[in-house]
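Novice: Below are the chains, spelled out letter by letter.
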Amino acid sequence: MAVQSTIRAIGHQIVNTVWRIGVAARFFFLTLLYSGNSFRRFHLIIKELFSSGVMSLIIIIVAGLFVGMVLGLQGYETLKRYGSESALGVMVALGLVRELGPVMAALLFASRAGSAMTAEIGLMKATEQISAMEMMAVNPIARIVAPRFWAGVISMPLLAALFSAVGIFGGYLVGVVQIGVDEGSFWSQMQAAVDFREDIMNGAIKSLVFGVVVTVIALFEGFDAPPTAEGVSGATTRTVVTSSLAILMLDFVLTAIMFRGA
Amino acid sequence: MERTTLDLWVGMFVVAGAAALVILAMKVGNLGTYNVSETYQVHAYFSNIGGLKPKASIRSAGVLVGRVTSISLNTERYEADVVMSVDKRYQFPKDTFANILTSGLLGEQYIGLVPGGDTETLKNGELIKQTQSAMVLEDLISKFMYSKAAEPSK
Amino acid sequence: MSQPALVEIRDLNFTYDKRPVLQGINMTFPKGKLVAIMGLSGCGKTTLLRHIGGALKPTKGYVKMDGQVMHDLDRQGLYAMRRKMGMLFQFGALFTDMSVYDNVAFQMREHTDLSEDLIHSLVMMKLHAVGLRGAQDMMPSELSGGMARRVALARTVALDPMLIMYDEPFAGLDPISLTVIGDLIRRLNDALGATSIIVTHDIQESLKIVDYVYFMAGGVIRAEGTPDELRASKNDFVRQFVHGEMDGPVPFHYPGADYHQDLNLRT
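Taken in order, these protein sequences are the chains called C, X and L. Quick note, the first sequence lines up with residues 1 to 262 if you use the working numbering. Quick note, the second sequence lines up with residues 263 to 416 if you use the working numbering. Quick note, the third sequence lines up with residues 417 to 683 if you use the working numbering.
The following block holds chain C by itself, in its conformation from the complex (with noise of 0.2 angstroms):
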């Protein structure tokens, strides 16, 4: 009955994707609880934030500059149906700081940094140098998992804030330098409507969290890859779609959670 195997299909997907999230938390456990060897041995971690934050500054730097000016455009033009242009820095700086830095610096960095990951331990895996390490009595999950891991928590937040502050002059440049807002009105606005506990902090921490979020699951994926050509292609797709989706559903939790009723 295709009925029938269609819901046998469909209960076997959800079994799988439960089982998956189970898998990865254990993964996840794993890598906190060999952390330690990264933190005594530091260059490990700033090698790879060399490779997911620094290779990721240009595009971060520049989506957020591009973001922010169609803000200020988009911004003034709804604004000034009600005459108040003078919240334009307010509405840049909220939006920024609130969900589009950490959320538009998450999705790049998953797209950039994430895959990236994935790519390469999904390689390392393939070309057996995962399983050589292990015969070296190298736990890998702390040599290579690791360092990785708290590479991408230290890089988001960082990028998240660039972002935010690039865009912010973005929106400075469209909306006062372009077309004229006051200058003042534009930054004093800015300043009384922008909590530091309440926007800044809260933007900080969604980060943290989308950074955790976004490495798992690309070191995950990466770790988990079929070792071949077409499995470890497939983990870095899962990687982008899988935490790209996360992005925005734990978006909206955390949102819900941070700023309903302030």
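In short, the hints are calculated from the structure, not lab data. Keep in mind the model is a prediction, meaning the values are calculated, not measured. Treat the hints with caution; some may be incorrect.
[As the list claims (entries may be wrong)] Here are the computed lysine to aspartate or glutamate pairs in the EDC-like style, where the Cα-Cα straight-line distance is at most 20 angstroms:
#, chain 1, residue 1, chain 2, residue 2
1, L, K449, L, E640
2, X, K317, X, D343
3, X, K315, C, D195
4, X, K350, C, E198
5, L, K473, C, E77
6, L, K447, L, D433
7, X, K350, X, E300
8, X, K315, X, D343
9, L, K624, L, E640
10, L, K447, L, D678
11, C, K47, L, D518
12, X, K317, C, E198
13, C, K80, X, D357
14, X, K350, X, E370
15, X, K385, X, D349
16, C, K47, L, D490
17, C, K80, C, D182
18, X, K289, C, E99
19, L, K500, C, E134
20, X, K289, C, D182
21, C, K47, X, D269
22, L, K476, L, D490
23, X, K315, C, E198
24, X, K289, C, E198
25, X, K315, X, D269
26, X, K356, X, E382
27, X, K289, C, E134
28, X, K317, C, D195
29, L, K476, L, D529
30, L, K449, L, D576
31, L, K480, L, D518
32, L, K500, L, D513
33, L, K500, L, D533
34, C, K47, L, E424
35, L, K624, L, E584
36, L, K480, L, D513
37, L, K500, L, D488
38, C, K47, L, E584
39, C, K47, L, D513
With chain C held as given, fit chains X and L onto it using these hints.
Specialist: Using the frame of chain C, we list chains X and L on its own:
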């Protein structure tokens, strides 16, 4: 890549990210303007606060002088008890008037302080006795309708 | 074989997914010897090697190394045991994000507190032994297949292991590299006083260098002996293998339906 070059790049990245956070906190957020100066607390009772929220600004002659710290309902008087932190640099006379005002037609609500003529100033923890509540649109409309209805018809 | 055994395999059975991969394997690897395990692709050689490395748990029987049963060791014990082993993977498995130098130095940095000066000297000695001192700054992607295998060999013996395992060390090499690697395996084994296990299907090259050979097919040992014994063997299976004949006990055709039937011919 050389270890030192790598360290340099990563160092620059971390510094740039930290700088961005500081800029956000000081220039964009209120950390630069809000927490630096010392404040004293005063409070006032309002029969209706309308849409006033904690952290709303307190202005005198349009100048930002402080922020609303907390709002609660006093169950003895059944009036809203609004606690405000005011910048120490600004001292107000004891007979200062506190009004809940709205910036623009649909803007945020804030508290406006209008100083009286008393020579003594408000101390920490003291009460502002003269207040004017928020204007609530429904009240205004119903007042208007009532007065219209009361007019003798021709 | 009078030497005491470093590795002993007794009645080893391994079943994967209800399919028996290894059945009743008994092998002895005496100290200081170079032993080859030969057989066709897919006969369970690599699985056997993974058992010796403690990466798989046998369904029945045991692998004993240096007096200890591998699958009884906990993680720490296993890692301690693995420090005494070196394994050369099929295609070298060099760490692609590290230079040749860092690859060879990897285990020294992970497992010892040696100073960088001392590590430098040791790495140079290992690279010199495989003739690649000049390639220390190259990345694995810049190496030819034969060179990569030699670097991997230097990395494998970095901590002077008691037991060296080679998984298909000759796969995909040109004839010159092949001879070089074969010669290196023999010399390293004797110089280090180690014991070596070579898993391979390259009969001619390995018969030249090893002391003893096990032939495997279908998960069981089909023949064993010294290279000379095997060359002279009357065993059909060994003859087919040693001389590379096309048909024999190992059929050319994979078992299937009757040929005539598959061609839709009526007989």
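Novice: Taking the hints in turn, state whether each one holds.
Specialist: Structure-based check of all given hints:
no. : hint              : in the structure
1   : K449(L) / E640(L) : holds (15 angstroms)
2   : K317(X) / D343(X) : holds (14 angstroms)
3   : K315(X) / D195(C) : holds (13 angstroms)
4   : K350(X) / E198(C) : violated (24 angstroms)
5   : K473(L) / E77(C)  : violated (68 angstroms)
6   : K447(L) / D433(L) : violated (35 angstroms)
7   : K350(X) / E300(X) : holds (6 angstroms)
8   : K315(X) / D343(X) : holds (12 angstroms)
9   : K624(L) / E640(L) : holds (16 angstroms)
10  : K447(L) / D678(L) : violated (53 angstroms)
11  : K47(C) / D518(L)  : holds (14 angstroms)
12  : K317(X) / E198(C) : holds (11 angstroms)
13  : K80(C) / D357(X)  : violated (40 angstroms)
14  : K350(X) / E370(X) : violated (24 angstroms)
15  : K385(X) / D349(X) : holds (12 angstroms)
16  : K47(C) / D490(L)  : violated (32 angstroms)
17  : K80(C) / D182(C)  : holds (13 angstroms)
18  : K289(X) / E99(C)  : holds (18 angstroms)
19  : K500(L) / E134(C) : holds (13 angstroms)
20  : K289(X) / D182(C) : holds (16 angstroms)
21  : K47(C) / D269(X)  : holds (8 angstroms)
22  : K476(L) / D490(L) : holds (18 angstroms)
23  : K315(X) / E198(C) : holds (14 angstroms)
24  : K289(X) / E198(C) : holds (15 angstroms)
25  : K315(X) / D269(X) : violated (47 angstroms)
26  : K356(X) / E382(X) : holds (6 angstroms)
27  : K289(X) / E134(C) : violated (50 angstroms)
28  : K317(X) / D195(C) : holds (9 angstroms)
29  : K476(L) / D529(L) : violated (39 angstroms)
30  : K449(L) / D576(L) : holds (16 angstroms)
31  : K480(L) / D518(L) : violated (32 angstroms)
32  : K500(L) / D513(L) : violated (25 angstroms)
33  : K500(L) / D533(L) : violated (23 angstroms)
34  : K47(C) / E424(L)  : violated (43 angstroms)
35  : K624(L) / E584(L) : holds (16 angstroms)
36  : K480(L) / D513(L) : violated (35 angstroms)
37  : K500(L) / D488(L) : holds (17 angstroms)
38  : K47(C) / E584(L)  : violated (33 angstroms)
39  : K47(C) / D513(L)  : holds (11 angstroms)
Hint compliance for this structure: hints 4, 5, 6, 10, 13, 14, 16, 25, 27, 29, 31, 32, 33, 34, 36 and 38 are not met, and every other hint is.
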